[in-house]
Amino acid sequence: MAALIKNEVFSCFVFYGVLLVIKMYIIAIITGQVRLRKKAFANPEDALRHGGLQFHREDSYVERCRRAHINDIENILPFLFLGAIYSMTGPSLAVARLHFLVFFVARVLHSVAYLCALRAPTRSLAYTVAQIPCISMALQILTSVAAYA
Amino acid sequence: MAALIKNEVFSCFVFYGVLLVIKMYIIAIITGQVRLRKKAFANPEDALRHGGLQFHREDSYVERCRRAHINDIENILPFLFLGAIYSMTGPSLAVARLHFLVFFVARVLHSVAYLCALRAPTRSLAYTVAQIPCISMALQILTSVAAYA
Amino acid sequence: MAALIKNEVFSCFVFYGVLLVIKMYIIAIITGQVRLRKKAFANPEDALRHGGLQFHREDSYVERCRRAHINDIENILPFLFLGAIYSMTGPSLAVARLHFLVFFVARVLHSVAYLCALRAPTRSLAYTVAQIPCISMALQILTSVAAYA
Numbered sequence: 001m002a003a004l005i006k007n008e009v010f011s012c013f014v015f016y017g018v019l020l021v022i023k024m025y026i027i028a029i030i031t032g033q034v035r036l037r038k039k040a041f042a043n044p045e046d047a048l049r050h051g052g053l054q055f056h057r058e059d060s061y062v063e064r065c066r067r068a069h070i071n072d073i074e075n076i077l078p079f080l081f082l083g084a085i086y087s088m089t090g091p092s093l094a095v096a097r098l099h100f101l102v103f104f105v106a107r108v109l110h111s112v113a114y115l116c117a118l119r120a121p122t123r124s125l126a127y128t129v130a131q132i133p134c135i136s137m138a139l140q141i142l143t144s145v146a147a148y149a
Numbered sequence: 150m151a152a153l154i155k156n157e158v159f160s161c162f163v164f165y166g167v168l169l170v171i172k173m174y175i176i177a178i179i180t181g182q183v184r185l186r187k188k189a190f191a192n193p194e195d196a197l198r199h200g201g202l203q204f205h206r207e208d209s210y211v212e213r214c215r216r217a218h219i220n221d222i223e224n225i226l227p228f229l230f231l232g233a234i235y236s237m238t239g240p241s242l243a244v245a246r247l248h249f250l251v252f253f254v255a256r257v258l259h260s261v262a263y264l265c266a267l268r269a270p271t272r273s274l275a276y277t278v279a280q281i282p283c284i285s286m287a288l289q290i291l292t293s294v295a296a297y298a
Numbered sequence: 299m300a301a302l303i304k305n306e307v308f309s310c311f312v313f314y315g316v317l318l319v320i321k322m323y324i325i326a327i328i329t330g331q332v333r334l335r336k337k338a339f340a341n342p343e344d345a346l347r348h349g350g351l352q353f354h355r356e357d358s359y360v361e362r363c364r365r366a367h368i369n370d371i372e373n374i375l376p377f378l379f380l381g382a383i384y385s386m387t388g389p390s391l392a393v394a395r396l397h398f399l400v401f402f403v404a405r406v407l408h409s410v411a412y413l414c415a416l417r418a419p420t421r422s423l424a425y426t427v428a429q430i431p432c433i434s435m436a437l438q439i440l441t442s443v444a445a446y447a
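Protein chains in written order, with the numbering used here: chain A, 1 to 149; chain B, 150 to 298; chain C, 299 to 447.
Same shape as in the complex, but just chain A (with noise of 0.2 Å):
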């Protein structure tokens, strides 16, 4: 059971895992700050708390927040599924790092690219560097495993 975790390529892997997921997790308490600051809420409930139902209403700054969440879920979640697989498909250590630390911080300047609304292309730009080494490890998983399907 342990063997998983004691194998350094899945450590390494798990380590900007964790930390992507982490920086998912600070995107949500981000979105909660500007909701209450903008006095924008999703639920009428949490208008009425916050000072009554003109506060249910949309704000753009939050739609902005919701976008790089679930830009976030769309392709962080993903690579959670392929660097595990991958990470047992015997890869080097340097190439796997490579891997994980071209999308790790290519999603970070991707939050920060939505959430700073920096010029066109950044973000685009962060999104299609991070999606090269998940294409990358779905290629070679795929190779490991074709003669089972």
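No lab work stands behind these hints: they were computed from the structure. Just so it is clear, the structure is predicted and the values come from calculations on it, not from any experiment. From the three backbone atoms N, C-alpha and C, an ideal C-beta is built for every residue, glycine too. Worth double-checking, as some hints may not be accurate.
[Said to hold, decoys possible] With a straight-line cut-off of 25 Å between C-alpha atoms, the simulated DSS-like cross-links for lysine-lysine are:
1. Lys188(B) <-> Lys172(B)
2. Lys304(C) <-> Lys6(A)
3. Lys155(B) <-> Lys304(C)
4. Lys172(B) <-> Lys6(A)
[Said to hold, decoys possible] Here are some, though not all, of the chain C residues that point toward chain A, as calculated from beta-carbon distances under 10 Å:
5. Val319
6. Lys336
7. Ala345
8. Arg347
9. His348
10. Tyr359
11. Glu361
12. Leu396
13. Tyr446
Since the structure of chain A is already known, use the hints to place chains B and C on it.
Showing chains B and C alone in chain A's frame:
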């Protein structure tokens, strides 16, 4: 292979994890039933089948179900990752079960609070309580693998 | 470590799981292409780069792509969890492959039905068929680990 599933902590995690996946499926089923009952469809082809294009429209309770579902995605799916890895770090069964059980109960309460529009801050409280075992697991995992970063 | 990836059932699951992740990436790419072609951007900074703020707007086909993507998130990501755990419960390869293949084919059909707006209830039928192996796996997993709850 079967070693993982025979590990007590991992099996305990799997038990609550699968129940939470089923809970998410139930929200999807409720959303579908509400769409049919309120005649509020997201797609024109569905509206056409159920009475006409005038039913291609939004409904506030359908949107509430959608938000409950998306919130589950944002929180239960990362838990499935954290809980699996945390189970491999060798925690005691009693402490691990407490983590899983707190998360499970809080997320069920979160869904009930969302779908029944319970008075604030019931839902936010359930959300916050559910995050505590997640943060705890994330930090314990990072401690276990930090040497491999 | 490599034991998992050398297990036939697990490898079969991984094969279809990775293909489904790639399918999700393709929907993301299609969404981006439709945004460019229809000039409908979710962020003002993207609109500014592609002609002006008047293109910071919604488009009904972009929204359709988004719904297809979110529906994948809600269904394929839980499958990645259920399938991995189910593979560890010792099912026969033939039965397991049938579970994975039915899910895979039904989810590909779901995407085609969504993006091509096929007549109802094609898409709902594909969704329902895909849920059958998921419910089957969930129940078999619960049976395997119920003693550890």
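For which of the previously enumerated hints does the structure constitute a violation, in increasing order of number?
4, 6, 10, 11, 12 and 13
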